[in-house]
Amino acid sequence: MSDLGTIALMCSLALSLYGTAVPHLGVRSNNWNLVRSVQHASILSFLLITLASAVLLEALVSNDFSIQYVWGHSSRDLPLFYKITSFWGGLEGSLLFWVLVQSFFIMIVAFRYQYTNREIIPYVLATLNGIMSFLLVLLIVWSNPLESQAVIPQDGRGLNPLLQHPAMAIHPPSLYLGFIGFSIPFAFAMGGMMRGILDNEWVLTTRRWTLLSWYFLSAGLILGGQWAYEELGWGGFWAWDPVENAALMPWLTGTAFLHSVMIQEKRNMLKIWNIVLIILTYGLTIIGTFLTRSGIINSVHSFTQSDIGPAFLVFLAIILVLAFGLLFKRIQMLESEHRMESVLCRENAFLAQNVLFVSIAFTVLLGTTFPLLAEAVRGTKLSIQAPFFNTVTAPMGYALLLLMGVGTLIPWRRTSMETLKKNFAWPFLLAFPVTALIAYGLQDQLWSWGGYIIFWLSFFVFATMVNELFRLVRIRSSQSENSATLAFLQVIRRNYRRYGGILIHFGAVLIFLGIAGKFFSLERDLTLIKDQPQTIGSYQLIFRGVREFPVENATHRAANVEVLDHNGTRLQFLNPAKSFYPTQPQPLTEVGLRRSFWEDLYLIFSSENGESGESVTLRVFINPLVGWAWMALPVFTLGIAICFLYRPGRLVARETILKERFKAAEQTMMTS
Amino acid sequence: MKKILWKRPGFWISWASIAGLIAVFAFGFSTDPKKVPSPLIGKSAPDFVVRQLDGNQEIRLSQIKTPVVLNFWASWCVECRGEAHVLEAFHQKQKTSDKPLTVLGISIQDSEENARAFARQFGKTYFLALDDPSGSIAMDYGIYGVPETFFIDAEGNIRHKQIGGVTATLLNQQKEILFSL
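So the protein sequences, as listed, match chains H and S. Going by this note's numbering, the first residue of the first sequence is number 1, and it counts up by one from there. Going by this note's numbering, the first residue of the second sequence is number 1, and it counts up by one from there.
Please keep in mind that the hints were generated in silico from the structure rather than gathered at the bench. It cannot be assumed that every hint is accurate.
With a Cα cut of at most 27 Å, we get these calculated DSS-like pairs of lysine-lysine [to be verified]: (1) H:Lys329 / S:Lys7; (2) H:Lys659 / H:Lys266; (3) S:Lys95 / S:Lys175; (4) S:Lys161 / S:Lys99; (5) H:Lys530 / S:Lys95; (6) S:Lys161 / S:Lys93; (7) S:Lys65 / S:Lys99; (8) H:Lys421 / H:Lys266; (9) S:Lys93 / H:Lys530.
As the structure is a prediction and not an experimental result, all values here were calculated from the model.
The following block holds chain H by itself, in its conformation from the complex:
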């Protein structure tokens, strides 16, 4: 069976190589049928990779340990759900998943844009198939998940228990969807440059791809944070580990790209910059994967490493050299005719935002690779840890938060001080007493500047959004004499794309507040004696005994802790535990977590004291506002959905005309 899958992958590689070369031939010989054939090749390729994936999935579900990957990442006692998720639990499987999604996307692109982007689509397909060929070579030669082994073991080694968490079902695929999604705007930019068509076509056409990729990358990051928070058991969600940075960097440049293409769309500016940004974003997805998979950088949790590194580096070098080579070849065609008209305008706010995002991305890249750089240049080993990243990125983060409030509200082209005053005066002033109020509420906690800056800025941003909406609704309802609710709906409908964006900004504020909450988190080691209440924060904790119980394929040894509020009313029982997996020598931490609107009570079982089970030591965290950061995900989902519905009028008109023209041409060709 496994041979069938490998053969399918090889056939798919042949088809991808065909798809890389033939579109160029088709254009050169003016033979559209050749380009057409690539469409069909893309369907076949997708089906073949689906077949290979099905073979792997079947092997995972049926415990076929003759396949090395199944033996290394699964075991008989693994619950079915995690047998399925172990598909992307290791390097080889996740690369197959990558190729599967990439081939699906190529198929969509091949058909969706055949009429509407006829001039550049051959080049786009060639680029995407080139990427695909490379990934398939990596997959087949260096990390084939379908490799079989001669001796068939009785049982597998099991999936890393850390990866046995519901978030792991969605977090990696979500990140991959984001990574792979950015290959589409990248391919359109490359296609445009190869063909020499450098208008705004690629930006408008790939707008939805950019939105979706950004969304999946964001969702992946949020879910990853949530997983780290609940599973790694140190009370935080972000540690600037190289693996985390790898996913963050393309998100940063991708977010910059998402914004700066709007300037190209509206004002026909920043054409070169946008191409640079998409090259950087796609390049960083490859760099990120390279860093985490090659093992050249020390990470607390790089889960799988292999000798795939050098090949990946070659891939990266080819992509960067070709992309920048093309860019410099076409650079004169990309110079823009427009200049900024005023200092105070939305374009400049966007530009400042762009500079900040790219600076943060650069800082993170530098920090992540600096140990290598230092060793290469000076021969000394050193490491860059959290304080560097926190210190350098914090001020840039604050500035971004500020711009998020300002950028959406100042007009394009130019603005006056009066407009600024009207939009920002009361949010600016009101943010002070609100922050003071929060400070009063938190007075018994540690003082933290960072936290208060974020509170002030968050409220400022939030108030500007509300202020703007109120203003427009008031104008609208006074003009049309409609009720406020109706006027509100009308305001939203008239420019729903913008409000989708504002909603996403609101989600970003929630993330910032979640981060601010960490500044005020309380952390103690408490030794609890059986049945004696201890107070921490506004809770009382009573240890009721140690229990042992099976959970799926593990055994949990848990401290049973009764949680009461300050009045002595029982809230719930928590069971922070150590979990023992049969395949793992070390026990893992299972957090006891009580969520509420304002804060999380987070318990970790440190140790049992003495033999009799009369006392335990717990590490207790009280983390204010952390749960708010997770709320950003549904907000992003709604916001992106709203933005996704919108299609620029110019694009719709253009696509309709082109579609009709080419369809008609084909009709006449067929009848004649």
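The hints should help you fit chain S onto chain H, whose structure is shown.
Chain S only, in chain H's frame:
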């Protein structure tokens, strides 16, 4: 107006950055990040004097007569939280042991307040101190990151260096080795 390609600053900056990045990554294959060799192993431990974080007691490494577990940590370090309890429990065990060790913790790149708060939170009772502002102790020991732990025998020679968090098993193992010398 046409600008000549190679007269653009972006042209050279782009190519130089790409070449630099690829070169650094390629260099990465020649090194193993997990292996941080310490030339100090087998040599005598660099001496230092530090003042206690909570209190005024001063201690000189060379005057400690027992073997020493010298742990470098910081309040901002995530992995140090994981090992905090292990080290403290190990220190408590030494009080009743017939072959006691000294546990010494030195916080680097840290502020006094934060280090104190950290020590209180985790109930650390062993001797804690702050590296001097220029980080000279960390420099002497060639600290690569935190946490790192050195195992020093009774004669003051470094016997082992551990990168990353310590476990109870490792501490006990190393203790046996230190006393078997």
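Against the structure, the hints come out as follows:
For the given pair, H:Lys329 sits about 14 Å from S:Lys7 by alpha-carbon distance, which is consistent with the 27 Å threshold. A threshold of 27 Å between alpha carbons decides the hint, and for H:Lys659 with H:Lys266 the separation of about 24 Å falls inside it, so the pair holds. Between S:Lys95 and S:Lys175 the alpha-carbon distance is near 14 Å, which keeps this suggested pair within the 27 Å criterion. Between the alpha carbons of S:Lys161 and S:Lys99 the distance comes to roughly 21 Å, so the proposed pair stays at or under 27 Å and holds.
Restraint check for H:Lys530 and S:Lys95: the C-alpha separation of about 26 Å stays at or below 27 Å, so the hint holds. For the proposed pair S:Lys161 and S:Lys93, the alpha carbon gap of about 22 Å is at most 27 Å, so the pair holds. Proposed proximity of S:Lys65 and S:Lys99 is supported: the alpha carbons are some 12 Å apart, at most 27 Å. Note on H:Lys421 and H:Lys266: the hinted pairing holds, with a Cα-Cα distance of about 25 Å set against a maximum of 27 Å.
Taken as a hint, the S:Lys93 and H:Lys530 pair is honoured in the structure, with Cα atoms around 23 Å apart against an allowance of 27 Å.
Hint violations for this structure: none, all hints satisfied.
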